[in-house]
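K.L.:
Just so you know, the sequences run in chain order A and B. Here our numbering is used: the first residue of the first sequence is 7, the next is one more, and so on. Here our numbering is used: the first residue of the second sequence is 170, the next is one more, and so on.
Warning: the hint list may mix true and false statements.
Here are the simulated lysine to aspartate or glutamate pairs, DMTMM-like style, with alpha carbons at most 25 Å apart [what the hints assert, rightly or not]:
| no. | chain 1 | residue 1 | chain 2 | residue 2 |
| --- | --- | --- | --- | --- |
| 1 | B | K207 | A | E104 |
| 2 | B | K207 | A | E100 |
| 3 | A | K186 | A | E196 |
| 4 | A | K16 | A | E52 |
| 5 | A | K26 | A | E41 |
| 6 | A | K188 | A | E156 |
| 7 | A | K16 | A | D112 |
| 8 | A | K85 | B | E203 |
| 9 | B | K303 | B | E316 |
| 10 | B | K303 | B | E277 |
| 11 | A | K186 | A | D288 |
| 12 | B | K192 | A | E156 |
| 13 | B | K207 | A | D112 |
| 14 | B | K265 | B | E277 |
| 15 | B | K250 | B | E266 |
| 16 | B | K208 | A | E41 |
| 17 | A | K222 | A | E41 |
| 18 | A | K139 | A | E238 |
| 19 | B | K192 | A | E32 |
| 20 | B | K320 | B | E272 |
| 21 | B | K192 | A | E100 |
| 22 | B | K260 | B | E272 |
| 23 | B | K208 | A | E156 |
| 24 | B | K192 | A | D112 |
| 25 | A | K26 | A | D55 |
| 26 | B | K208 | A | D288 |
| 27 | B | K207 | A | E107 |
Hints were generated in silico from the structure; no laboratory data involved.
Listed below, chain by chain, are the residues.
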Amino acid sequence: MADTPVEYIKHHLQNLTYGKLDAGYERFDGTVMNESAWTFARTAQEASDMGFMAVHVDTLGWSIAMGVLFLGLFRYVAKRVTTGVPGGLQNLVEVTVEFIENLVRDGFHARNPLIAPLALTIFVWILLMNMLKFIPVDYIPTLASALGLEYFKIVPTTDPNATFGISIGVFLLIIFYSLKVKGITGFAKELSMQPFNHWALIPVNLVLEVLVLIVKPISLALRLFGNMYAGEVVFILIALLPLWAQWTLNLPWAIFHILVIPLQAFIFTMLTIVYLAAAHQDH
Amino acid sequence: MNINLTLIGQSIAFAIFVWFCVKYVWPPITAAMEARQKKIADGLSAADRASLDLELAQEKAAQQMQQAKEEAAVLIDQANKRAAQIVEASKDDARKEGEKLIEQARAEIQQERVQARDALRSEVALLAIAGAEKILETSVDAKAHSEMLDKLAAQL
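Working from the sequences, and respecting the hints, build out all of it.
P.N.:
In structure tokens:
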């Protein structure tokens with residue numbers, strides 16, 4: 007564990023990284039790698055030196071756990087679903103499904119059976135991942151260090167890899183449906199003949215439209231990541247306060263996050279629907 | 170905050186979750202919700218229909234009641250008339266019967282009177298003859314005087 011506040015904060019913001027260190031790399035304790043090998047990073051420096059060939063085990067593990075929890079719960083209900091009077095759990099699931107169904111009905115006018123379940127997955131999954139924030143910041147890292155793991159960051163949405171992973175998926179769907187609905191020429195026309203419908207301005211249009219297209223996944227991912235990351239940093243800062251003062255700030259901040267967490271999940275879902283609706287729109 | 174393979178792993182997990190949701194989660198739940206919606210709509214329309222039916226049935230029942238009342242009134246009327254007729258007829262019969270009886274009685278009385286008179290007449294004739302015999306002190310030959318006696322009897 008860390009000693010100074012800065013180290014404490016840095017420690018709490020570091021993912022548990024499992025990656026490849028090249029041969030000849032000098033590790034944190036001065037030993038030199040004989041050959042390149044996959045291993046857990048023991049310091050932040052090691053984690054960043056691993057480059058792209060590394061995996062945030064905590065992010066992946068927790069996000070998959072939340073996804074499995076979501077699908078397990080909903081599948082459990084779907085198997086026992088009754089058309090009669092629904093029980094408590096089925097009610098909860100149906101309210102969520104209906105909420106998403108209404109969002110999609112209002113925002114998405116083309117016919118595509120993929121969009122609603124996609125929105126449901128995004129909403130509930132992100133909601134569950136965000137909700138991991140309610141677990142006090144020291145619980146899981148302390149437990150992990152007792153198990154010999156140097157770092158452990160449990161909220162996947164405070165890791166840009168997680169948010170970009172989802173938004174890139176959405177981005178690929180936007181491209182796919184743009185091409186499918188409008189065809190290559192239609193999509194190219196949309197990128198080059200807007201907003202200025204004149205052949206001389208095609209390059210300007212192209213720059214603008216491609217920028218607009220690329221900004222979509224980036225804004226999706228960064229909005230979610232930024233909100234969650236900032237919130238997490240504040241939680242960590244509050245955790246640095248003396249024990250008697252912590253609850254005065256921690257409690258309001260946690261209550262505030264009861265609003266922020268579903269809001270961010272909702273915004274991500276809503277924007278996904280809007281972007282995909284735009285992709286389906288043929289001019 | 171390093172971008173690394175986690176990104177790809179997350180995308181793959183996302184794709185798998187979406188696929189699972191599309192295939193195994195969304196359809197049964199929405200199908201059940203739609204089925205329930207239909208059930209409720211059917212129930213409501215059935216209730217509407219039932220109340221309409223009830224109204225119609227009540228109307229019909231009232232009509233039938235009215236008709237029954239009218240029929241009953243007609244029947245009672247007929248019965249009354251019939252009863253009056255019967256009473257009238259029996260009165261008539263009784264009067265006729267009575268008259269007949271009186272007539273018979275009168276005839277009998279008449280007959281008896283005639284018989285009594287005849288009997289009396291012959292009695293008187295005998296008495297007259299007896300009286301005459303006494304007066305004449307002779308026997309009257311009944312045969313010889315029967316003509317005269319009959320004349321006498323007829324005059325009585």
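K.L.:
Indicate, hint by hint, whether the structure satisfies it.
P.N.:
Taking the hints in turn, this is what the structure says about them:
no. : hint              : in the structure
1   : K207(B) - E104(A) : 15 Å, holds
2   : K207(B) - E100(A) : 16 Å, holds
3   : K186(A) - E196(A) : 13 Å, holds
4   : K16(A) - E52(A)   : 14 Å, holds
5   : K26(A) - E41(A)   : 10 Å, holds
6   : K188(A) - E156(A) : 50 Å, violated
7   : K16(A) - D112(A)  : 43 Å, violated
8   : K85(A) - E203(B)  : 16 Å, holds
9   : K303(B) - E316(B) : 19 Å, holds
10  : K303(B) - E277(B) : 38 Å, violated
11  : K186(A) - D288(A) : 11 Å, holds
12  : K192(B) - E156(A) : 39 Å, violated
13  : K207(B) - D112(A) : 22 Å, holds
14  : K265(B) - E277(B) : 18 Å, holds
15  : K250(B) - E266(B) : 24 Å, holds
16  : K208(B) - E41(A)  : 68 Å, violated
17  : K222(A) - E41(A)  : 42 Å, violated
18  : K139(A) - E238(A) : 7 Å, holds
19  : K192(B) - E32(A)  : 49 Å, violated
20  : K320(B) - E272(B) : 33 Å, violated
21  : K192(B) - E100(A) : 17 Å, holds
22  : K260(B) - E272(B) : 18 Å, holds
23  : K208(B) - E156(A) : 57 Å, violated
24  : K192(B) - D112(A) : 23 Å, holds
25  : K26(A) - D55(A)   : 9 Å, holds
26  : K208(B) - D288(A) : 38 Å, violated
27  : K207(B) - E107(A) : 17 Å, holds
Violated hints for the displayed structure, listed by number in ascending order: 6, 7, 10, 12, 16, 17, 19, 20, 23 and 26.
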